[in-house]
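> Sequence:
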Amino acid sequence: MWVQPNNTSHPSNVIFVNEVDSTGNETNVKSSDSLFSSGQWISRYFQYKQWHGPHLFSLFFNHKQQKVTGSGEDDVGEFSIDGIYSLNTRRIALTSTGNESNVDNLDSLFSSGQWMSRYFQYKQWHGPHLFSLFFNHKQQKVTGSGEDDVGEFSIDGIYSLNTRRIALTKKYQKGTGNSSQNLGHTVIIQIKWDSQKQLFDGKWYVKTNKYQGEDRFELQFDQSTIVVDKQ
Numbered sequence: 001m002w003v004q005p006n007n008t009s010h011p012s013n014v015i016f017v018n019e020v021d022s023t024g025n026e027t028n029v030k031s032s033d034s035l036f037s038s039g040q041w042i043s044r045y046f047q048y049k050q051w052h053g054p055h056l057f058s059l060f061f062n063h064k065q066q067k068v069t070g071s072g073e074d075d076v077g078e079f080s081i082d083g084i085y086s087l088n089t090r091r092i093a094l095t096s097t098g099n100e101s102n103v104d105n106l107d108s109l110f111s112s113g114q115w116m117s118r119y120f121q122y123k124q125w126h127g128p129h130l131f132s133l134f135f136n137h138k139q140q141k142v143t144g145s146g147e148d149d150v151g152e153f154s155i156d157g158i159y160s161l162n163t164r165r166i167a168l169t170k171k172y173q174k175g176t177g178n179s180s181q182n183l184g185h186t187v188i189i190q191i192k193w194d195s196q197k198q199l200f201d202g203k204w205y206v207k208t209n210k211y212q213g214e215d216r217f218e219l220q221f222d223q224s225t226i227v228v229d230k231q
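Letter by letter, the sequence shown follows residues 1 to 231 in the UniProt record's numbering.
Misleading hints may appear alongside valid ones.
Derived DSS-like pairs: lysine-lysine, alpha-carbon spacing no greater than 30 Å straight-line [as the list claims (entries may be wrong)]: (1) K192 with K49; (2) K49 with K138; (3) K141 with K192.
Ranges of calculated distance between the beta carbons of each label pair, as one might list FRET restraints [what the hints assert, rightly or not]: (4) S154 with E214: 19 to 29 Å; (5) S145 with Q65: 31 to 41 Å; (6) R91 with Q223: 46 to 56 Å; (7) S154 with R91: 20 to 30 Å; (8) F120 with D82: 38 to 48 Å.
Keep in mind the hints are simulated off the structure, nothing from the lab.
We treat Cβ as the ideally placed atom computed from N, Cα and C, and that holds for glycine.
Work the whole structure out from these sequences, hints included.
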């Protein structure tokens, strides 16, 4: 996992900050001190064979005590940071603690009930369309059904609390809705939670013998209805 101040383009390693030529002179002490600047930092980490990030968060360095504190949010959730650092060795040791309430918030992102979706195609938005989704929290699978301006459809998919992503397979029932648009085809939908927009945002993908395309897709929970999972 690497971090770097938000105003620089040269990344430094969390475990070992990029070395500066140690000549023991006064200018080198100042450059070492500037490595630990309070402000916005950028981090990323490697897990499950891929990089996650970059994520912005704040760090405050207490140069008298050589301690560091901070807070931020990444694709796992909100966190606080405590740690120590050394000007001599240019090392930082950090402890990141997640917010327990964030776990509940993540669960609430995937609520069974009525959802609203819209998709972008032919240079315009289509929707919103109401349909039902049921989230199985034990298996982290999702199923559902509904109807849009193409026709009736069923949904199967998976989701992840860690990455806040949903992958859906939307299968249209041929003979329903718009006869020219409904080919009984399958739509692949890949979306991720957008905390600023407060909805899931991503893309839809279609590939058939007659048509191939992809574009924007948005999914948002309808707060007016909730289905309680009794499992």
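> Work down the list of hints and note, for each, if the structure agrees.
Here is what the structure says about each hint:
1. K192 with K49: holds, 19 Å
2. K49 with K138: holds, 24 Å
3. K141 with K192: Status holds; Cα separation ~15 Å.
4. S154 with E214: 19 to 29 Å: holds, 21 Å
5. S145 with Q65: 31 to 41 Å: Roughly 59 Å apart at Cβ, these two residues miss the hinted range, so it is violated.
6. R91 with Q223: 46 to 56 Å: 47 Å Cβ-Cβ, so the 46 to 56 Å window holds.
7. S154 with R91: 20 to 30 Å: Cβ of S154 to Cβ of R91: about 54 Å, so the range 20 to 30 Å is violated.
8. F120 with D82: 38 to 48 Å: Given about 44 Å between the Cβ atoms, the range holds.
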